[in-house]
Amino acid sequence: MAGVLSQRGSRTSVKAILMATTSSTLDSKREPVTATAIGTRRKRPFLLDLYSTAVGKKYVMAISGIAMMGFVLFHMIGNLKMYMGETALNHYAEFLKELLYPLAPKGVVLWILRGGLITMLLLHLHAAWSLTRLNRFARAVKYQGPRDYQVAKFASRTMRWTGIIVLSYLIWHILDLTLGVVNTTGTNGEFVKGEVYQNVLNSLNRPVVAAFYVIANVLLGIHLFHGAWSIFQSLGWNNPRFNTWRRGFATAFATIVVVGNVSFPIAVIAGIVK
Amino acid sequence: MSHLKNLKLKVWRQKGPADSGRFENYTIDEISDEASFLEMLDVLNEQLISDNKEAVVFDHDCREGICGTCSLMINGVAHGPQKATTTCQLHMRTFKSGDTIVVEPWRATAFPIIKDLMVDRGAFDRIIESGGFITAVTGGAPDANLIPIPKPVADAAMDSAACIGCGACVAACPNGAANLFTAAKISHLNYLPQGQAERHKRTEAMVETMDEHFGSCTNHGECSAACPKEISVDVIALMNKDYRASKFKNRKELSR
Amino acid sequence: MNTFNAKIPAGALHEKWDNYKADAKLVNPNNKRKFKIIVVGTGLAGASAAATLAELGYQVDAFTFHDSPRRAHSIAAQGGINAAKNYQGDGDSINRLFQDTIKGGDFRSREANVHRLAQVSVDIIDQMVAQGVPFAREYGGLLDNRSFGGAQVSRTFYARGQTGQQLLIGAYQQMARQVGLGGVRLFNRTELIDTVTIDGRCAGIVVRDLLTGEIQSHAAHAVVLATGGYGNVFFLSTNAMNCNVTAAWRAHRRGALFANPCYTQIHPTCIPQADETQSKLTLMSESLRNDGRVWVPKRADDNRPADQIPEGERDYYLERLYPSYGNLAPRDISSRAAKRLVDKGQGIGPLKNGVNLDFSAAIERLGRDVVEERYGNLFQMYERIAGEDPYKTPMRIYPATHYTMGGLWVDYELMTNIPGLYATGEANFSDHGANRLGASALMQGLADGYFVLPYTISNQLASLLGKTIPGTDHPAFKQAETEASARYNGYLNVKGKRSPDWFHRELGKIIWNECGMERTREGLQSALSDLPALYEEFKTDLRVTGTGDSTNQTLEKAGRVDDFFQLGMAMCQDALTREESCGAHFRSEYQTEEGEALRNDDKFCHVAAWEWTNDPMKPTRHAEELVFETAHLATRSYK
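Protein chains in written order, with our numbering: chain A, 1 to 274; chain B, 1 to 256; chain C, 1 to 639.
Hints listed in this document are in silico derivations from the structure and should not be mistaken for laboratory results. Do not rely on the hints blindly, as some may be mistaken.
[What the hints assert, rightly or not] Computed spacing ranges between beta-carbons, pair by pair: (1) Thr520/C / Val153/B: 28 to 38 Å; (2) Gly91/C / Gly248/A: 53 to 63 Å; (3) Gly11/C / Ala197/B: 56 to 66 Å; (4) Tyr139/C / Leu73/A: 43 to 53 Å; (5) Thr100/B / Gln591/C: 15 to 25 Å; (6) Lys142/A / Thr547/C: 21 to 31 Å.
[Said to hold, decoys possible] If the Cβ cut is set under 7 Å, some of the chain B residues that face chain A in the computed set are: (7) Gly98; (8) Arg126; (9) Lys241.
In this text, all values refer to a predicted model and were calculated from it rather than measured experimentally. Glycine is no exception: its CB is placed at the ideal position from the N, C-alpha and C atoms.
Excised from the complex, chain A in its bound form (with noise of 0.2 Å):
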């Protein structure tokens, strides 16, 4: 046993390790241990390395974080022009496509922010994967005894949920307001592209949608909640000066985002907006 966790060599996963492990048993001999610290790491290229860690991918987990961090806020605050009415709304969707016109085509540079965002979430999304599956790893038997956690929050202990419902509610939001192909499922109205602020109407009007949105959202807040602080972490942005901010700031990010988005199913259900 102290001889398998002496095996040095190659980046071994935890997996091998696990596999080893629980196959050995103290019948066979122990080996003293010696010479762990003489590796035969692989090359890889310098990102793939840095990435083949548990930190790299965390350092992966909070830059795609905070790029979709700043997606979120924008497109709440972009979406506020929903109260300035349809005019508004409408030309601010016709803005984004227009972004850097006539130094680009129309809709280019919106493409290249998608791409981007797409990227950042598709390296969220396999980071986050390739984490949790370490981790099961990490600890193949579980407590057998009920655990009493100290301090992880609720928060931290359903990321893993809480990201999983918000990738959902995100494909259906994509399906319902860019593309429409649900947008006027069980009503009579039509999906028209351009009019954003009629297809939202349309859209949340539907009190169980309205509803999914609401929830959704809080979810999304609370996933935000302990991201948002995490990623100092992660990042390695640790200054006593500013550590009473972080947990601060996340909360202060969190609920903005929430406020603001979930203000909108509920304007619309109380007919503020029509």
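Since chain A is already given, all that's left is putting chains B and C on it; use the hints.
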């Protein structure tokens, strides 16, 4: 001094690494509240021996909270309910008569169970062996006062160096990560002027060895809450920063 | 018999070590890798030796019964480590440290060894700082010092209340580096159960794998025992639960002389026993006596809480009896003073088994913050164990066994009388005489491992170059394995009624009562009649449950208690035959009118080294005369 009566214990018994193990129920009729948790287990073992049964195997040594040998998940909390306290320093006055106490070994793939409550924490040693030191060959050291170290720096290094290597951080972490242990050692050495020469090499090697055995950090903070020496999660941020720096720095130096 | 050639080099005292190093035979760097050295024990002395020997190029096999070398009990030393650096400019020097240590040991240690210790003490601090030990510092960034019992200068370096931990981790890290590089092979959870001597040389060791029960031999050119002291013979001591005498005792049974077993130090500041289930005592660092004042009520049976006893009714007995050292009087002296007052009924606490260590004056003078900064973690630890807040009520303290000055007899090279077998750290007897000063144990362990053994070991090894040594297939190894395996099967097969712990507790009571802080002829004689009887019972009524082929802590304990019994008998005989009082060995028949230790330099200015004769009650006593050329034999006075 008073006594606790009728304590019910659910203790994990496992014959060896290959055995699947189970909880066994025991009763302690009476125990002094001045007894430590491990002394309570001693009493249990005396009871078992007098019943001609095999005693419960558990790791313990100094019984004054410094060697880091004792472990135990007590009622789902690493080192039991008292903050900043190892199991050996946990006293029975923390419990009440009639309590049921669940005792389980540390659980992590990197800490395989040897027998009953005893686990193998060799993975921690592997991390230290890979870089948790300052190379200072015996006899070649300059005068101790040659490099003044500002008191706050020495204090910060000492805060991290207080780690006793018990493994509670791994046991408490929902992901079975060893970031607090590794980061505590890295920051102890990386804070000090003597540790600068190997700073990047050390960080890279230790983080990557850690990665071979343990899970990843998701910033729950359970590790620090379980730590008998109350080491702060701030050290993990420092490790993350230094790891990134090491990747760039070592890449530059090694490509020469 | 060449047993008593201590091989002290020629020359003036301060030149001996340099002369030795100049003359010692060396092993060429290319040849070092041809030698295998076994180091047993990985505390300060063992880990530092293993690391240094591996750095030099020897093949090192290190053995520990712990899961990791970092667990060794050196870790529990709190107060600090002495070194004659004179950073405080208060008149310290190598010579003063030497004189203090000789005097502290009550002139029962070897001058040359002690002087060498004082000499290399300065290198230890340099080495440990270079390794990253975060010693306490002044605001200017330079190292801070504190003073300790038995010294009038501030020469103790410390890292909060965890100096031992920090030093051990330093040495452990150096050793871990060598494990990582392949220079050291580490056998963890493996216990030494015998040593093997072939043709008068130590040929290797026999060990037992604590996880599988497998018994195995290892051959080497030299064996270093760095296996610590035997304070656990008292059952209740400040030692860790697993500390034991087995390695040293098994070597003794194979011919190594055991010196001064009766010199066991009682530490004055431990938390008193609270109840019957107590498994160990916890030490509160002696450094607390820098700012704490020790007192008891003047009236016996004064049951008022401490803060209700007026100044006039308190007896600050250390300040009264020893005005110049006061609360910093050496350990043996403070311990005995406490015992006498408790015996008179002036003890405090629920069991009336302690004395007060009061910080109220210090808190008033320095403020709570400064006291917390200096002793915070010790106060916290006290509160956790005793359930009382020492900022509000005085600590209750009482002496407890702490350190053993006796151990395997070694010469100037730290080699026992068996060529090739070395003993370092607390396992040997060499440097502390009849009493050790505070903060000197860490100093000795590191001195032996880092700066003495690596020089002296080559002197012996050089002569073995090109010769083959006996392998583990040699009949002597096979026989030792058979005996060892019979011994452990024997414990399993007694099938009596009492657990090893029960016997250990009973053994401890006898030793503590008759061979503890104060010894008498009658007491020792009664112990010597009780011990064989209890030992007989041990052999016939022991119960070890479980089996021998997987981890069995009851079985491990049985082996250790067996050896403690035999050692206990040797201790009592040593105490009985040493008809004088010196340092920690206090015979009530031999005291001055004021109750201080009365030495008999004419008859007992020697080391008593005992030879095993197969009957633990009949060992042979040898004497190594101690010659004092530099220090003057004087009555120790701390008044």
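Status of each hint after checking the structure:
no.: 1; hint: Thr520/C / Val153/B: 28 to 38 Å; result: violated (55 Å)
no.: 2; hint: Gly91/C / Gly248/A: 53 to 63 Å; result: holds (56 Å)
no.: 3; hint: Gly11/C / Ala197/B: 56 to 66 Å; result: violated (39 Å)
no.: 4; hint: Tyr139/C / Leu73/A: 43 to 53 Å; result: holds (45 Å)
no.: 5; hint: Thr100/B / Gln591/C: 15 to 25 Å; result: violated (56 Å)
no.: 6; hint: Lys142/A / Thr547/C: 21 to 31 Å; result: holds (30 Å)
no.: 7; hint: Gly98; result: violated (18 Å)
no.: 8; hint: Arg126; result: holds (5 Å)
no.: 9; hint: Lys241; result: holds (3 Å)
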